[in-house]
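Colleague: Produce the entire structure from the sequences given, and follow the hints as far as they go.
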Amino acid sequence: MAGLNVSLSFFFVIVTFCEGARRVSKMFLPQKIYSSFAGELASAFQLCACCLELRMLVEIGPWGGGFGPDVVLTLLFLLFLVHGVSFDGASANPAVSIQEFLMVESSLLTTAVKLLAHFLGMKASCILTNLYWSWELTDFHLIQNLIARDCSSSLRTSVGQGTLVEATCSFFFHLTLLLFQHSFFIYRVTAVALIVTILAYTAFGGVNHSPSFRMCENDSVTSSDVMKFSKPTSAVTFHCSGNTLLDYTQVYCLGPLTGMVVAVLLYQGNIPRFFQRNLFYYQKNKYRVPKGKPYSTPNGKQKQEKSTKRGKAEPSQKME
Numbered sequence: 001m002a003g004l005n006v007s008l009s010f011f012f013v014i015v016t017f018c019e020g021a022r023r024v025s026k027m028f029l030p031q032k033i034y035s036s037f038a039g040e041l042a043s044a045f046q047l048c049a050c051c052l053e054l055r056m057l058v059e060i061g062p063w064g065g066g067f068g069p070d071v072v073l074t075l076l077f078l079l080f081l082v083h084g085v086s087f088d089g090a091s092a093n094p095a096v097s098i099q100e101f102l103m104v105e106s107s108l109l110t111t112a113v114k115l116l117a118h119f120l121g122m123k124a125s126c127i128l129t130n131l132y133w134s135w136e137l138t139d140f141h142l143i144q145n146l147i148a149r150d151c152s153s154s155l156r157t158s159v160g161q162g163t164l165v166e167a168t169c170s171f172f173f174h175l176t177l178l179l180f181q182h183s184f185f186i187y188r189v190t191a192v193a194l195i196v197t198i199l200a201y202t203a204f205g206g207v208n209h210s211p212s213f214r215m216c217e218n219d220s221v222t223s224s225d226v227m228k229f230s231k232p233t234s235a236v237t238f239h240c241s242g243n244t245l246l247d248y249t250q251v252y253c254l255g256p257l258t259g260m261v262v263a264v265l266l267y268q269g270n271i272p273r274f275f276q277r278n279l280f281y282y283q284k285n286k287y288r289v290p291k292g293k294p295y296s297t298p299n300g301k302q303k304q305e306k307s308t309k310r311g312k313a314e315p316s317q318k319m320e
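According to the UniProt record's numbering, the residues represented by the sequence shown are 1 to 320, in order.
Everything labelled a hint here was simulated from the structure, so no lab data went into it.
Treat each hint with caution, since some may be false.
To be verified - Cβ pair distances, simulated, as ranges: (1) G68 to V104: 41 to 47 Å; (2) V159 to T202: 17 to 23 Å; (3) G160 to G68: 26 to 32 Å; (4) F28 to G160: 46 to 52 Å; (5) L8 to I127: 19 to 25 Å; (6) V104 to P30: 20 to 26 Å; (7) F280 to T157: 27 to 33 Å; (8) D247 to S183: 34 to 40 Å; (9) F275 to L78: 35 to 41 Å; (10) S183 to S158: 33 to 39 Å; (11) G160 to T202: 15 to 21 Å.
Glycine included, C-beta positions come from ideal geometry on N, C-alpha and C.
Modeller: What follows is the structure in structure tokens.
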């Protein structure tokens, strides 16, 4: 239980530090720079650092600490609630940034800056977390340092099935984001945290032996699925033996992006960045055009005819 307390303290320190960085940068930086770079950088750092520590608990906790999936799933839900409340509008998710670009909600330059911030936040979180693990404050960290030297592929199934699972999780996550994008803030944050937890629970024991972390890294708030190389496990997965770089790219990049695009198509009916016309849904006119039919009652019909005659007589009187 002592190891879990240390991890909880790590989560608290990371969230507090990133919240302070967001507030300071918001005070001194222009709003556009803060929203597109500084806020995304701090949020990506917060998300990735917490997910790396959670990944360690998923892999070592069941046999090293004696706690099961219920503890990890509870932490996952609470962490995403905290992330949703503290991110201040940032997504910390490359897939969400690309989705905003496809929805014509951000420009190409803004999207590129956000992706750069995500990458830098991920790299910084990896460096800090590895330094934190090197202190070996708990037995978990000692074991983590030992197994990190000889890692294996995190993909525990075929490439095709892995791609399908990633695309499916991405689809449900992004569809949830789109459905709740105009809802109250607390409803939106809770829905995102809940869908991430449900996806993690559903996938537990499936494609990955640590699917909770995979859902965590791929389904950020602001996510189901982001490009693997832009999230924390790029430093602990892509270089591991067992699968090629092309396999990882197909599963963790192509799969999530495909699920995101399908979710946008289903919700919007098109990709606004490329198509103006709705491809799936027939859009009815918001306003009905009156057809000028007479009223059902005789009195109503006479009134309509009188108003019509009066309307026709007015132009002639003006001409005179």
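Colleague: Now tell me if each hint is right for this structure.
Modeller: Verification of the hints:
1. G68 to V104: 41 to 47 Å: Since the Cβ atoms of G68 and V104 sit about 45 Å apart, the hinted range of 41 to 47 Å holds.
2. V159 to T202: 17 to 23 Å: holds (20 Å)
3. G160 to G68: 26 to 32 Å: holds (30 Å)
4. F28 to G160: 46 to 52 Å: About 49 Å separates the Cβ atoms of F28 and G160, which means 46 to 52 Å holds.
5. L8 to I127: 19 to 25 Å: Given a distance of about 22 Å, which is inside 19 to 25 Å, the answer is holds.
6. V104 to P30: 20 to 26 Å: holds (23 Å)
7. F280 to T157: 27 to 33 Å: About 32 Å separates the Cβ atoms of F280 and T157, which means 27 to 33 Å holds.
8. D247 to S183: 34 to 40 Å: Distance hint for D247, S183 holds at roughly 38 Å.
9. F275 to L78: 35 to 41 Å: holds (40 Å)
10. S183 to S158: 33 to 39 Å: Holds: the Cβ-Cβ distance is about 38 Å, inside 33 to 39 Å.
11. G160 to T202: 15 to 21 Å: holds (19 Å)
In summary, the structure agrees with every hint in the numbered list given earlier.
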